[in-house]
Amino acid sequence: MGHKTVHELSPSDVAIRSPLSPKELEKLGLCGSSIRDESSFDPMGAWSRTFRIWGTLGWKRFQTKDMGFLRIDHKAPFTRAGGELHFKQTLAMADGMHTTTEGDIFHGGWLIRQRFFDSAQCPIPELDLEVEGVRREGELRLVTNGKIRDIRFTGVCRTSIEIFALAQSLENDLNHFVLIDDFTKIKPDHSLKLQSSLLTKDASMSACYVQKGWGILPREFWLDAKKKLVMMCTGSVVFEIDPEAETKTFRLLEDLVNGGVHYEY
Amino acid sequence: MSTESKKPPNILLILTDQQNHLAFPASPKFKNRLPGMQSLADRGVHFNQAYCTYPVCGPSRASILTGRMPSEAGVFRNGENVKYGIQNIGEWLREHSSYRTVLSGKWHLRQPNTALVPGFEVIASGINCMGILADAAITASCEAFLRANAESSDRPFFLAVMYTQPHDICAWIKMHREGDSVKEIPPEVISSFPPLPENFNVEFQEPESLRQLRSSQDPAQENWNEDQWRYYLWAYERQVEMVDAEIGRLVDTLEELDMMEDTAIIFASDHGEGCGSHSMVTKDFLYDEASRVPLVLSYPEKLGQGIADSRLVSLLDIFPTICDLANVPVPIDLNGRSLIAKDEKANEQARDFVACEYLSSRGIMIRSPQFKYIAHWKEPIELLFDMESDPQETKNLAGDPTYSGALVRHRLFLRSWVGNLKAAPNLPHRAEILNLENWF
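The listed protein sequences derive, respectively, from chains A and B. Quick note on numbering that gives the first Met the number 0: the first sequence kicks off at 0 and runs consecutively. Quick note on numbering that gives the first Met the number 0: the second sequence kicks off at 0 and runs consecutively.
Hints should not be assumed to be uniformly reliable.
As the list claims (entries may be wrong) - Straight line, CA to CA, 25 Å or less: simulated PhoX-like cross-link-like pairs of lysine-lysine: (1) 173/B x 26/A; (2) 22/A x 226/A; (3) 184/A x 22/A; (4) 82/B x 421/B; (5) 184/A x 211/A; (6) 192/A x 22/A; (7) 377/B x 394/B; (8) 247/A x 26/A; (9) 6/B x 301/B; (10) 22/A x 64/A; (11) 26/A x 64/A; (12) 87/A x 226/A; (13) 200/A x 173/B; (14) 211/A x 182/B; (15) 247/A x 22/A; (16) 28/B x 211/A; (17) 173/B x 64/A; (18) 226/A x 211/A; (19) 182/B x 192/A; (20) 200/A x 30/B; (21) 247/A x 87/A; (22) 184/A x 28/B; (23) 22/A x 225/A; (24) 22/A x 173/B; (25) 26/A x 225/A; (26) 26/A x 182/B; (27) 226/A x 200/A; (28) 225/A x 74/A; (29) 64/A x 87/A; (30) 211/A x 173/B; (31) 377/B x 211/A; (32) 64/A x 74/A; (33) 182/B x 22/A; (34) 184/A x 421/B.
Hints were generated in silico from the structure; no laboratory data involved.
Sequences and hints are given; from them, build the entire structure.
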């Protein structure tokens, strides 16, 4: 639903103009109806959301492919003591290999686990990663598979996943933070700012926050009229709200495996 | 530089994709902006005159992984296998040593990404042309592997870490081909974009094949104004930073595990990126922006640290270097040289030249210590640049009588190169390319 296969394209189906707005993608038949679901929503309360992750290679004979999903379960504002955000992300790779990262983010840090799976969908225990992060302003302690590393920086730090929730409840721009990308990579000089000029691309949206900083292409967080995050776009990749994304990913992996190869390790 | 014989080290081969040789900390523009690559250069030797053998992914990777020119390995375009029983470095190490050979990420011989690679265990297959998402998974798989094997003392490993970035610039260019996306950017942001390179305009007549390439590249030049070109450069810099962060995470892991001293790291890119020089984007041509690449060899236990080495080297040298590190024999018919000398005298003997092919347009580059010569089979225009006085390749000296001696000398280099080539049977137009009468 929503996206075209290669065979359904015509030469005029060129993906793209940046930024990728929900309206632009709807016009191209590339996103689903879930972005128009305007059910009530409280960003500070309990909510769950699943995003389909897909990408485009931007060729003239436009080609998209699904790559996985991200599910976020927001329990209470994790920026306050007692709050928590649980997430799970699966990324499908060539020949059905995949990786899943799952964990919890809270005010004082995070605890995540990443696993890798082979083409037979069997876990590869040798590649298990567990990362605990304990953060305070200007300091981060990472404990990875039991090994400790202390890092110092200026200001506060945010993980990439929590920005998905934060963008919905901002009252002011978020300036000067350090991005902890993938829970381990320190990327300085980040900001998350409202870019009103982008709303000319899609007047049905209430806001578009753009994250910029060292080591990323801009990440655009599109909020609907209820301030619900419906899409995040960065470079050639889209995170699009889709309640069935997890099911679709498992079907995708089955397809890749059935057409793919097995290996021994 | 020299090595003593001892237990062979773990070896990491880190490859980026489509990294311009100036997108590296040694360049003033990137000083203090790429901490991951900086830490590698600080710990090792930066070879700042390194050239790929073919400015396209698959053929260049064929060279890196087999030690042969693409014309010898039978790989002339993307989507081809290495042929004729030639072994890749993983297969060679398995046959001649107890090294565990592991790969994560891009392969591109034949498939861009696959779980089945001869000679290697694949721990993460990656996603074609999606470095923005998949490179993080490559790093995580390698970090986990390093952590699991940090204290394994009986069997060394060779780990090939094959990133996609900054190759994603190809998709960026396609997505911005109309040339008007920069209009969405506030003027104060545009003012911070990098300037055009000094050699953006081409002031000399080029061979027909290069003119045709430029007109076929996205974006067509009439679509992009100066601001749009600068926007592309800005996006490319972000993508270089992305892969630098991945490399930084790997280096941090090695340090944390106390593995830096007994792990040799080879860092390179398979080819370069146009970045607007000569009004070019991406690759598929022989100017330096596409053919010259970053290359670092780090092995603090045995090599110097923080050294800049200006000798001419080729990515053909990676295979014999790995053999040297692993203390295994080198195949007898390789053109490359180990970057680690056992014989100091031999190592200091300068190469006459290194070569780079682009056989889709039947072009060959000969790069000597001072000059670069480019000829295309059956095209009347030759290119000769004095790389010492004109490193940006702005003035073609091929028609200047003052340089006739240099021109003749480089024609002879090319003819000797072609004459000694052990060209694969499937080389297109093989008989014609190998016929020296078809070259100057």
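Right, here's what the structure says about each hint:
{"no.": "1", "hint": "173/B x 26/A", "verdict": "holds (19 Å)"}
{"no.": "2", "hint": "22/A x 226/A", "verdict": "holds (16 Å)"}
{"no.": "3", "hint": "184/A x 22/A", "verdict": "violated (33 Å)"}
{"no.": "4", "hint": "82/B x 421/B", "verdict": "holds (13 Å)"}
{"no.": "5", "hint": "184/A x 211/A", "verdict": "holds (15 Å)"}
{"no.": "6", "hint": "192/A x 22/A", "verdict": "holds (21 Å)"}
{"no.": "7", "hint": "377/B x 394/B", "verdict": "holds (22 Å)"}
{"no.": "8", "hint": "247/A x 26/A", "verdict": "holds (22 Å)"}
{"no.": "9", "hint": "6/B x 301/B", "verdict": "holds (13 Å)"}
{"no.": "10", "hint": "22/A x 64/A", "verdict": "holds (19 Å)"}
{"no.": "11", "hint": "26/A x 64/A", "verdict": "holds (18 Å)"}
{"no.": "12", "hint": "87/A x 226/A", "verdict": "holds (22 Å)"}
{"no.": "13", "hint": "200/A x 173/B", "verdict": "holds (20 Å)"}
{"no.": "14", "hint": "211/A x 182/B", "verdict": "holds (18 Å)"}
{"no.": "15", "hint": "247/A x 22/A", "verdict": "holds (23 Å)"}
{"no.": "16", "hint": "28/B x 211/A", "verdict": "holds (20 Å)"}
{"no.": "17", "hint": "173/B x 64/A", "verdict": "holds (16 Å)"}
{"no.": "18", "hint": "226/A x 211/A", "verdict": "holds (21 Å)"}
{"no.": "19", "hint": "182/B x 192/A", "verdict": "holds (19 Å)"}
{"no.": "20", "hint": "200/A x 30/B", "verdict": "violated (37 Å)"}
{"no.": "21", "hint": "247/A x 87/A", "verdict": "holds (15 Å)"}
{"no.": "22", "hint": "184/A x 28/B", "verdict": "holds (23 Å)"}
{"no.": "23", "hint": "22/A x 225/A", "verdict": "holds (17 Å)"}
{"no.": "24", "hint": "22/A x 173/B", "verdict": "holds (20 Å)"}
{"no.": "25", "hint": "26/A x 225/A", "verdict": "holds (22 Å)"}
{"no.": "26", "hint": "26/A x 182/B", "verdict": "holds (21 Å)"}
{"no.": "27", "hint": "226/A x 200/A", "verdict": "holds (17 Å)"}
{"no.": "28", "hint": "225/A x 74/A", "verdict": "holds (19 Å)"}
{"no.": "29", "hint": "64/A x 87/A", "verdict": "holds (20 Å)"}
{"no.": "30", "hint": "211/A x 173/B", "verdict": "holds (22 Å)"}
{"no.": "31", "hint": "377/B x 211/A", "verdict": "violated (49 Å)"}
{"no.": "32", "hint": "64/A x 74/A", "verdict": "violated (31 Å)"}
{"no.": "33", "hint": "182/B x 22/A", "verdict": "holds (18 Å)"}
{"no.": "34", "hint": "184/A x 421/B", "verdict": "violated (45 Å)"}
Of the numbered hints listed earlier, those contradicted by the structure are 3, 20, 31, 32, 34.
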